[in-house]
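S.K.: Each chain, written out:
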Amino acid sequence: MPDAASQPTRSMMRFALPLGVFAALVVLLGVGLSLNPREVPSPLIGKPAPPFELPLLHQPEKSFSPREMQGKVWVLNVWASWCAACREEHPVLADFARSGLTPLYGLNYKDQRNDAIAWLKRFGDPYAASIVDVEGRVGIDYGVYGVPETYVIDKQGVIRYKRIGPVTPAILKEKIVPLVAELNRGCEG
Amino acid sequence: MKDDLNLASWRRFDSLRTGLGGSIPVPPLSWRAWRLVFLLVVFALTPAAFAGEAKPAADDPALEARVNALAEELRCLVCQNQTLADSNAPLAVDLRNQIRERLQQGASEGDIIGFMVERYGDFVLYRPPFKATTLLLWAGPVLLMIAGLAGLYYRVARRRREVAKPELSGEERARAAALLSGKADVDKR
Chain A
1 MPDAASQPTR
11 SMMRFALPLG
21 VFAALVVLLG
31 VGLSLNPREV
41 PSPLIGKPAP
51 PFELPLLHQP
61 EKSFSPREMQ
71 GKVWVLNVWA
81 SWCAACREEH
91 PVLADFARSG
101 LTPLYGLNYK
111 DQRNDAIAWL
121 KRFGDPYAAS
131 IVDVEGRVGI
141 DYGVYGVPET
151 YVIDKQGVIR
161 YKRIGPVTPA
171 ILKEKIVPLV
181 AELNRGCEG
Chain B
1 MKDDLNLASW
11 RRFDSLRTGL
21 GGSIPVPPLS
31 WRAWRLVFLL
41 VVFALTPAAF
51 AGEAKPAADD
61 PALEARVNAL
71 AEELRCLVCQ
81 NQTLADSNAP
91 LAVDLRNQIR
101 ERLQQGASEG
111 DIIGFMVERY
121 GDFVLYRPPF
131 KATTLLLWAG
141 PVLLMIAGLA
151 GLYYRVARRR
161 REVAKPELSG
171 EERARAAALL
181 SGKADVDKR
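Respectively, the protein sequence lines represent chains A and B. The numbering of the first sequence is our numbering, which starts it at 1 and goes up by one. The numbering of the second sequence is our numbering, which starts it at 1 and goes up by one.
Chain A extracted, bound-state conformation (with noise of 0.2 Å):
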C-alpha cells in the first residue's frame, strides 16, 4: 500500500505524463497538417535548365531552345488551356509581363493548339512566346507535376526559382521580382 504522502504527487505524474505526450503530438501534427506536402523541394534549383527544341504555338514553322535565352535572366511558366489554376494567375503574370522586367514564355503543357490559341485570345497573351509540348516530355524534363509552374533561369541559364502552383501576387512581389532584379544585377558588375 503506498504511503498517503507520495499519494497526490504519483496520481498527479499519472495525468501529467500522458496529457505531456499528448501534447507534444497534437503539436507535432499541427505542425505537419500546415505543412504542403505538394511543395517537393526541386532537385533542379541550381542546376542547368534541361535543353529542349520545341515549335512555338502561334509559329509552329519556328521553334525555341533555351540556348537562345543565354545571357537573359527569364521566366518559364508551365501553362495549358485545360487548367483551371492558370486562369487564376493568369492577372499576375499579366502584371509581370506589363512590368516589362525580363521576358516571359510559356510552356504550352499538353494541351490542344487550337484550345491554347483561343485561351490566350480569350484572357490575354502575356508571354513573349509559348513553346509546344504536346506530349510533355520537356515536362517530365523540367520536373513538372503540377501545372501551373514556374522557373526562373538565370543569365547562365541555370535555374534559381521554381513555383509549383499558381504565382501569387505576394510571391510575385516577395520572391520572383527581387530574385530577378538581383540576377539581373548580379552579372552587369
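I should point out that these hints are in silico values taken from the structure, not numbers from a laboratory. Take these hints with a grain of salt, some might be off.
[To be verified] Listed below are the simulated DSBU-like cross-link pairs for lysine-lysine, each with C-alpha atoms no more than 35 Å apart in a straight line:
hint, chain 1, residue 1, chain 2, residue 2
1, B, Lys-131, A, Lys-47
2, A, Lys-175, B, Lys-131
3, A, Lys-121, A, Lys-62
4, A, Lys-121, A, Lys-173
5, A, Lys-173, A, Lys-162
6, A, Lys-62, A, Lys-175
7, B, Lys-165, A, Lys-155
8, A, Lys-155, A, Lys-62
9, A, Lys-72, A, Lys-62
10, B, Lys-131, A, Lys-162
Note that the structure is a prediction, hence the values are computed from the model and not measured.
With chain A fixed as given, assemble chain B onto it according to the hints.
M.R.: Chain B in isolation, oriented as in the chain A frame:
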C-alpha cells in the same frame, strides 16, 4: 417513350397468355425469351469489341514486368499516396511510358531511378535513401522502440519493488506458518 409503351404492352400480352391459356394473340417469343436473345447477342459481341485492349501489355511480358516492378518503387507526384503503377493520372501514364522506353533502349533499373530522382528529388522514391536529412526517418522507429522498452523496464522494475514488500501482518504470518507446517485444522476454524 413509344418503345416503353410497346414493351409494357408486350409484357401484358405475356401475362394474359399465361392467365387465360393463350386465347389472346401473343408475340412469337415471350419477353423473357427476347431478353435472353438480346443478352446472348451482347455477350457474343463483347469479346470482339474488346479483343484489342490488352495487347500492349502482352507484347513483351518480361519488359512489362520490369516496368511494373520499377513503377511500384516510384511515387506518383500528382496523387502522392499512390505509386506510379497504381496511379492513372496522366503524368503517371507518361512516366510509365518513359520507363518502358528507357528500358527498351537498354537503360538499367538504376539509370531510371537516377533519371526520376534528378527531376523530382528523393521524394519519388518509396524507399528513401539513408542520408543526413533522412536520419530521423530511418532511426525514428528504432529510437521509439528503445524509448518504449526503457519505459516498460522502468515500470516493471518499480512494480517488482512494490510486490516484494512484505504485506502480511504478524497474525497472517503466524497462520501461514501454521498452514505450511501441516496443521490443516487452523484453516477450518
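S.K.: Are any of the numbered hints broken by this structure? If so, which, sorted upward?
M.R.: 7
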